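**Student:** Please put together the full structure from these sequences, using the hints given.
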Amino acid sequence: GAGPGRAGMGQRDRMFKVLVVGDATVGKTSLVQRYANDSFNRHYKSTVGVDFALKVVQWSESETVRLQLWDIAGQERFTSMTRLYYRDASACVIMFDVTNASTFSNSP
Numbered sequence: 004g005a006g007p008g009r010a011g012m013g014q015r016d017r018m019f020k021v022l023v024v025g026d027a028t029v030g031k032t033s034l035v036q037r038y039a040n041d042s043f044n045r046h047y048k049s050t051v052g053v054d055f056a057l058k059v060v061q062w063s064e065s066e067t068v069r070l071q072l073w074d075i076a077g078q079e080r081f082t083s084m085t086r087l088y089y090r091d092a093s094a095c096v097i098m099f100d101v102t103n104a105s106t107f108s109n110s111p
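With our numbering, you'll find the sequence shown wraps up at 111, consecutive numbering, no jumps.
Don't read these hints as lab results, they were simulated from the structure. This one's a predicted model, so the numbers in the text were calculated from it and none came from an experiment. Please note that a few of the clues may not be correct.
Ranges between beta-carbon positions, derived for each pair [stated by the list, open to error]:
| id | residue 1 | residue 2 | range |
| --- | --- | --- | --- |
| 1 | 86 | 46 | 26 to 34 Å |
| 2 | 111 | 43 | 21 to 29 Å |
| 3 | 46 | 66 | 17 to 25 Å |
With a straight-line Cα cutoff of 30 Å, these simulated DSSO-like cross-link-like pairs (lysine-lysine) come out [claimed, not checked]:
| id | residue 1 | residue 2 |
| --- | --- | --- |
| 4 | 48 | 58 |
| 5 | 58 | 20 |
| 6 | 48 | 20 |
Backbone N, C-alpha and C fix where the C-beta goes; we use that ideal spot for every residue, glycine too.
**Tutor:** The structure is reproduced here in structure tokens:
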């Protein structure tokens, strides 16, 4: 953080929208929750629509990066809402299950 006498001076705060996409049951929610909150739920619960998480990273002494993680439900890629989710995204994580080839071929 900012040192004594420098509170907020020269601090840069950047926000990035990161989409996490892929078929249902490939582990998108598990990845997002583990990375953002250091938590893991063993019980599967399907995401409806889109879910959000925020990960704040102190990139350097003077720069903070906020990653707005969009956990998009596997079936959502077939809806008209998908285009709205992708708007203004800085990055996209495409997930698939290495034990299920169809989840790779279904990747966007």
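**Student:** Look at each hint and say if it fits the structure.
**Tutor:** Now for the hints, and whether the structure bears them out:
1. 86 <-> 46: 26 to 34 Å: With a Cβ separation near 32 Å, residue 86 and residue 46 satisfy 26 to 34 Å, so the hint holds.
2. 111 <-> 43: 21 to 29 Å: Hint holds: Cβ distance 26 Å, inside 21 to 29 Å.
3. 46 <-> 66: 17 to 25 Å: violated, 37 Å
4. 48 <-> 58: holds, 21 Å
5. 58 <-> 20: Roughly 11 Å separates the two Cα atoms, so the pair holds.
6. 48 <-> 20: holds, 23 Å
Going through the hint list in order, the structure does not satisfy hint 3, though it satisfies all others.
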